[in-house]
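Undergrad: Since the structure of chain L is already known, use the hints to place chain Y on it.
There are 2 protein chains.
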Amino acid sequence: MNVSNPQSSPVFSKLAISLSPLYLSAPAAVELVQSIGLKACMAGIAEFIHADFLRWEDFDKSARVANHSLDGVIELMPIADDTTYSFKYVNGHPKNTAMGLSTVMAFGVMADVATGAPLFLSELTLTTALRTAATSALAAKVLARPDSKVMALIGNGAQSEFQALAFQHLVGIETVRLYDLDPLASAKCMANLSRSGLDLQICDSIAQAVQGADIVTTVTADKSCATIITSDLIEPGMHINGVGGDCPGKTELAASVLAASKVFVEYTPQSRVEGDIQQMPDDFAVTELWQVLKGQKSGRDHVSQITVFDSVGFALEDFAALRFMYEAACALGMGERLSLIPKLSDPKNLFGTLLKTGLKSDGLCVAS
Amino acid sequence: MNVSNPQSSPVFSKLAISLSPLYLSAPAAVELVQSIGLKACMAGIAEFIHADFLRWEDFDKSARVANHSLDGVIELMPIADDTTYSFKYVNGHPKNTAMGLSTVMAFGVMADVATGAPLFLSELTLTTALRTAATSALAAKVLARPDSKVMALIGNGAQSEFQALAFQHLVGIETVRLYDLDPLASAKCMANLSRSGLDLQICDSIAQAVQGADIVTTVTADKSCATIITSDLIEPGMHINGVGGDCPGKTELAASVLAASKVFVEYTPQSRVEGDIQQMPDDFAVTELWQVLKGQKSGRDHVSQITVFDSVGFALEDFAALRFMYEAACALGMGERLSLIPKLSDPKNLFGTLLKTGLKSDGLCVAS
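Residue numbers (our numbering), protein chains in the order written: chain L, 2 to 369; chain Y, 2 to 369.
Simulated from the structure, these hints should not be mistaken for lab results.
Incorrect hints may have been included.
To be verified - Straight-line Cα separation of at most 25 Å, PhoX-like style, residue types lysine-lysine; simulated pairs:
| id | chain 1 | residue 1 | chain 2 | residue 2 |
| --- | --- | --- | --- | --- |
| 1 | Y | Lys62 | Y | Lys150 |
| 2 | Y | Lys263 | Y | Lys150 |
| 3 | L | Lys344 | Y | Lys142 |
| 4 | L | Lys142 | L | Lys344 |
| 5 | L | Lys96 | L | Lys263 |
| 6 | L | Lys62 | Y | Lys62 |
| 7 | Y | Lys40 | L | Lys40 |
| 8 | L | Lys96 | Y | Lys344 |
Said to hold, decoys possible - Selected chain L positions facing chain Y (Cβ under 7 Å, derived; list incomplete):
| id | residue |
| --- | --- |
| 9 | His51 |
| 10 | Ala52 |
| 11 | Leu55 |
| 12 | Asp61 |
| 13 | Val66 |
| 14 | Gly73 |
| 15 | His94 |
| 16 | Ala159 |
| 17 | Thr231 |
| 18 | Ile235 |
| 19 | Ala286 |
| 20 | Val287 |
| 21 | Ser340 |
| 22 | Pro348 |
We put the CB at the ideal spot given by N, CA and C, even for glycine.
The following block holds chain L by itself, in its conformation from the complex (with noise of 0.2 Å):
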């Protein structure tokens, strides 16, 4: 098993073009996510979004495109450099839960530039919180306190336990606390990090989980402009991962919050949008996240600064996770082949493919 070039595609050069991309299912990504275990996926997640980040100028980006409808929204996130273009599909029902379904699901395709062929199929729901959560932490690396150790995780639905752990592994947090409106969620967060090694306590109110915290990372779901931060829980040198935040009409941050902080996003032409700084003016200052990766900007600028992430999720971001879960699925001998595209014996004879095995005869046209 040897998924360690975050810096290029090799798997693809080697590749003839296939027209049967690899297809990794929803259960075959947790198996892999089980073979290379949690933590080395999301630090090679987080190792492959880093290098993807250094090389920001390299991409053809655009924000994300959404078709919004009364109870969610099911948005389209392409992006492509001069090799590799990828796309994700996901959608964002706050309700679904409520019939067993998920809030998000997502699905993406890598292609190869040159020729337009599709080489690889992926589930995107487990990747999208692996690949949010190593995010996350890749931008408190930069932006938070060093010496950071506790956390307030505020929101313990589906993306909580990736977000703890990553800031565990990738971070250095030690003790998260938990609180949810919902205190099964809270138990279940609880539960499912029981054997994580993190000091756990479940709080009975947003004020007690971010008093004193470090870091306070809110991954709420409701669609609506919450204001889960106030700034009277805020302390000098926190750093706030805002991960909820990420369509029009859904915040989780007070705009006083916002005002009073140094802010990251993504990319600012979607984050304006679709961030916590939608309620803030359009020139309200931000700094982009590969920026400071890259050295040109600034991060944290003192040890009391608020700092706050505006991740609102950028298709870079899934472009690395399908390349990471692609490497991964070569390497492991997983997933299967999809006959997804015609194969042809000459290109131009598409109408061919009819005749091979006989048209239905209705007078139109019969296989010699």
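TA: Using the frame of chain L, we list chain Y on its own:
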């Protein structure tokens, strides 16, 4: 076999939302078309497209999202009404044929708007050829002279036979005059159509093919500002079905041809960028096809008018085609199920999927 409800999607409403979308592979789509018959398939798809064009205002529409590269383009084409969402992935790489690959490869997904759950993943390479020809024929039925019998077919590549047969069966064309720069392409097209009942003539020049034709169909593939059809070739009363000019820098008709014609498009914001009308001023008058189909605007105004359908392919046509293929596959019991989305007993417990069968003991967490 009953695929006879172009007005709505009854199959969806009857289905409990499944997290295992139906998958129709490229070979399965061939089998489906062979089972139903090509003529019935094209007629059915045309009927579904017609029905959806009449509901034009019901759709959340946008121009497709394109990632351009040196040799081609990869596009995503999303669209949704209140209940159903769809998108198509499609590339355009004219140099692919030299490598034995298709110029155009496509697949698509249909999803449930209320929950975001994907319902159907289908090949769309063959299906795109069917829906493009069906749309062309649908437009010609309201734009060409009703007595049209002779069609010039310029460009005899992968799309050509589908165009010929759609015009034969849906418009009443009896004679097709073939021209391609590559004589082998014309020979292939002629051979494929040999039992169609069409009177087929291979021509030595575009001028020879076009002279006296009632309808001129252009389906060339070069990504260049070509002028396949110049105004000296055009005769009063002709209908031009311009299919090949479909992205920036890819045109087929001389500007003077457009200036002398009444021009019809699918979705104006997209056609201004991608269609042959990209050569014309932004205020160049065009009529949208749905307006003619709905009786809101006139099509051909008199027998000697020159009409142009400046077709680029619009997401609504794929929406309708996916709907047809889905209903047909369900009715025929074709396709298989993909586990693309995790099945969770508790949707807030995505992490639990990793625990069920035991995580690798990497110090992170171990299954109970």
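Undergrad: Now tell me, hint by hint, if it's right for this structure.
TA: For each hint, the structure was consulted:
{"no.": "1", "hint": "Y:Lys62 to Y:Lys150", "verdict": "violated (35 Å)"}
{"no.": "2", "hint": "Y:Lys263 to Y:Lys150", "verdict": "holds (21 Å)"}
{"no.": "3", "hint": "L:Lys344 to Y:Lys142", "verdict": "violated (33 Å)"}
{"no.": "4", "hint": "L:Lys142 to L:Lys344", "verdict": "violated (47 Å)"}
{"no.": "5", "hint": "L:Lys96 to L:Lys263", "verdict": "violated (33 Å)"}
{"no.": "6", "hint": "L:Lys62 to Y:Lys62", "verdict": "holds (21 Å)"}
{"no.": "7", "hint": "Y:Lys40 to L:Lys40", "verdict": "violated (55 Å)"}
{"no.": "8", "hint": "L:Lys96 to Y:Lys344", "verdict": "holds (17 Å)"}
{"no.": "9", "hint": "His51", "verdict": "violated (20 Å)"}
{"no.": "10", "hint": "Ala52", "verdict": "violated (20 Å)"}
{"no.": "11", "hint": "Leu55", "verdict": "violated (21 Å)"}
{"no.": "12", "hint": "Asp61", "verdict": "holds (5 Å)"}
{"no.": "13", "hint": "Val66", "verdict": "holds (5 Å)"}
{"no.": "14", "hint": "Gly73", "verdict": "holds (6 Å)"}
{"no.": "15", "hint": "His94", "verdict": "holds (5 Å)"}
{"no.": "16", "hint": "Ala159", "verdict": "holds (4 Å)"}
{"no.": "17", "hint": "Thr231", "verdict": "violated (25 Å)"}
{"no.": "18", "hint": "Ile235", "verdict": "violated (27 Å)"}
{"no.": "19", "hint": "Ala286", "verdict": "violated (29 Å)"}
{"no.": "20", "hint": "Val287", "verdict": "violated (24 Å)"}
{"no.": "21", "hint": "Ser340", "verdict": "holds (4 Å)"}
{"no.": "22", "hint": "Pro348", "verdict": "holds (5 Å)"}
Checked against the numbered hints above, the structure violates hints 1, 3, 4, 5, 7, 9, 10, 11, 17, 18, 19, 20; every other hint is satisfied.
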